[in-house]
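K.L.:
Okay, here's what each chain looks like letter by letter:
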Amino acid sequence: MNIFVAFISSAIPLGVPLLYGSTGEIVTEKSGHLNLGIPGIMYVGAISGVIGAFLYEMSCGNAKENMVPALAILIPLLCAIAGSVLMGLIYSFLTVTLRANQNVTGLALTTFGIGIGNFFGGSLVKLVDSDMPNIILTKTSNFFCAQLPFADDCGWFGQIFLSHDFLTYASIVIALVVSFVLNRTRVGLNLRAVGENPATADAAGINVTRYKYLATCIGSAIAGLGGLQYVMAYANGVWSNNAFGDRGWMAIALVIFALWKPTMAILGSFLFGALCNVYNYIHHFFYLGHDANRELFNLLPYVVTILVLIITSMRKKREHQPPQSLGLSYFREER
Amino acid sequence: MAILELEQVTYSYRTRYQQVDALKDVSYAFEPGKLYALVGKSGSGKSTLLSLMAGLDLPQQGRILYEGKSTKELNLTHYRREKAAVIYQSFRLFPLLTVAENITYPMELRKVSAKTARKRVGELLEKVNLPASMANRFPGMLSGGEQQRVAVARALSMETKLLLADEPTGNLDSENSLHIVSLLRDLAHQDGYCVIVVTHDMEIAALADEVLTMRDGRLQE
Numbered sequence: 067m068n069i070f071v072a073f074i075s076s077a078i079p080l081g082v083p084l085l086y087g088s089t090g091e092i093v094t095e096k097s098g099h100l101n102l103g104i105p106g107i108m109y110v111g112a113i114s115g116v117i118g119a120f121l122y123e124m125s126c127g128n129a130k131e132n133m134v135p136a137l138a139i140l141i142p143l144l145c146a147i148a149g150s151v152l153m154g155l156i157y158s159f160l161t162v163t164l165r166a167n168q169n170v171t172g173l174a175l176t177t178f179g180i181g182i183g184n185f186f187g188g189s190l191v192k193l194v195d196s197d198m199p200n201i202i203l204t205k206t207s208n209f210f211c212a213q214l215p216f217a218d219d220c221g222w223f224g225q226i227f228l229s230h231d232f233l234t235y236a237s238i239v240i241a242l243v244v245s246f247v248l249n250r251t252r253v254g255l256n257l258r259a260v261g262e263n264p265a266t267a268d269a270a271g272i273n274v275t276r277y278k279y280l281a282t283c284i285g286s287a288i289a290g291l292g293g294l295q296y297v298m299a300y301a302n303g304v305w306s307n308n309a310f311g312d313r314g315w316m317a318i319a320l321v322i323f324a325l326w327k328p329t330m331a332i333l334g335s336f337l338f339g340a341l342c343n344v345y346n347y348i349h350h351f352f353y354l355g356h357d358a359n360r361e362l363f364n365l366l367p368y369v370v371t372i373l374v375l376i377i378t379s380m381r382k383k384r385e386h387q388p389p390q391s392l393g394l395s396y397f398r399e400e401r
Numbered sequence: 010m011a012i013l014e015l016e017q018v019t020y021s022y023r024t025r026y027q028q029v030d031a032l033k034d035v036s037y038a039f040e041p042g043k044l045y046a047l048v049g050k051s052g053s054g055k056s057t058l059l060s061l062m063a064g065l066d067l068p069q070q071g072r073i074l075y076e077g078k079s080t081k082e083l084n085l086t087h088y089r090r091e092k093a094a095v096i097y098q099s100f101r102l103f104p105l106l107t108v109a110e111n112i113t114y115p116m117e118l119r120k121v122s123a124k125t126a127r128k129r130v131g132e133l134l135e136k137v138n139l140p141a142s143m144a145n146r147f148p149g150m151l152s153g154g155e156q157q158r159v160a161v162a163r164a165l166s167m168e169t170k171l172l173l174a175d176e177p178t179g180n181l182d183s184e185n186s187l188h189i190v191s192l193l194r195d196l197a198h199q200d201g202y203c204v205i206v207v208t209h210d211m212e213i214a215a216l217a218d219e220v221l222t223m224r225d226g227r228l229q230e
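Going down the list, the protein sequences come from chains A and B.
Under this note's numbering, the first residue of the first sequence carries the number 67, and numbering increases by one thereafter.
Under this note's numbering, the first residue of the second sequence carries the number 10, and numbering increases by one thereafter.
Some hints could be false.
Here are some chain A residues pointing at chain B (derived, C-beta under 10 Å) [said to hold, decoys possible]:
no. : residue
1   : I69
2   : R258
3   : A259
4   : T266
5   : G271
6   : A358
7   : R360
8   : E361
9   : N364
10  : Q387
11  : P389
12  : G393
Label-pair restraints from in silico Cβ distances [claimed, not checked]:
no. : chain 1 : residue 1 : chain 2 : residue 2 : range
13  : B       : S79       : A       : A166      : 31 to 37 Å
14  : B       : D182      : A       : Y235      : 28 to 34 Å
15  : B       : N84       : A       : H386      : 35 to 41 Å
16  : A       : D218      : B       : R127      : 50 to 56 Å
17  : B       : R25       : A       : V369      : 24 to 30 Å
18  : A       : Q213      : B       : R127      : 44 to 50 Å
Because the hints were derived from the structure by calculation, they are not lab data.
Glycine included, C-beta positions come from ideal geometry on N, C-alpha and C.
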């Protein structure tokens, strides 16, 4: 029982960056833009938060008692949002204003974002003259990871549901708010109209460009928070270049699994978090013989991702389809 | 009195390879209660003119006056929302919205109450000769002719006086084409709309009150 609770409890933080990434991508895709730059945007969100936290810790003389908790959280949070929104603006300018190919732009942005992240990450490591190739921001991380005081008193329930950092709960709240806005508000209806048929929305008096820019930037900001959560909560404030892995790509695949529904993304993210965690726990549940056999379970999330893509691509139900104009640039003057 | 006046409208745009002088000194006055057919070969400037009249862009020279006011002085978003309704060849309905939701969408933009909008759906479906039972279907479940009727109902829900149609019968068979144009003509004659239809089809044009021919960006008398 304890192992099972520990498995679930540790799977949740693994799913949170995926949830941020997929929610952000859903917002962007609803405007008709396929943003394959999400992995890079999440990476930039993470490094921007790290830079903010690093500078704040430095300004406080690296002493936790000098740090104001609200600032220790707000500064990295705002830096992460600013960095990822900047990436979103670059993507929007290229694909909305200049109508560059969305796939190529997204891939370029991912490469660019990872390059930028590694550049700043490497620079910070050299700045502190560390022997290890990483930056340790445990003081800031402690503020991010503050738990509810009564979580430990609630047994397995507390361990599974109440023992997480605030960005974990925020990811669920954000996904629910996005779902509400998309499905129940006029703004959401307009955004869906832009993604389904920008020409009709344009003719009806919707500012298509504004909606596309806003959706991409808001989506990027949400995705960027996933990068921040990974560093500050999951990795306990330790930044290492390239440690973020392929979570961004899994977040994009999750959008298809979630059928462009943020509420489904909540379920999907935690399911994928659990799949990523199987590797760490499988030997507790089954005898695997040689330890090398365990390595096979590292493949599990990727195999399931491919299966999900195959199965979801075969679905033909109308409500399970992507926005009709997804991936297509809108040329108003085409006549 | 004219509802829409074109005064020496000139417009050009660049493609990747060339500069296209789409409209040259086009002048005309459109009156309410009439069905106009705008005909001409591909590239003659018909659709460009329609998009300017729809408020999707402004003329580079000359003016377009709606009820005496130049579109250059009007808020184009407001103009597109409340003054000019457009019907397209490919219907351009939202596939994930029901027929009723497609029809009420322009009303949502104008912040008409949901109750009033729902009531209007029934009236508009009746107006375009579709059964009320169709309200909860999705566009993909309808025939081309039915989808175009829904597109007309959506245009009517905007409560404008100006209906612009870009090849509205281009994707329909001859029987459905005739029905749609008859519907548009009834809207002009019975309800006082000014209906301007861009078409290649001379049989359709023959049903119009006025036929305007475009050639090389100019309107021919």
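K.L.:
Hint by hint, which ones does the structure fall short of?
P.N.:
1, 6, 7, 8, 9, 12, 14, 17
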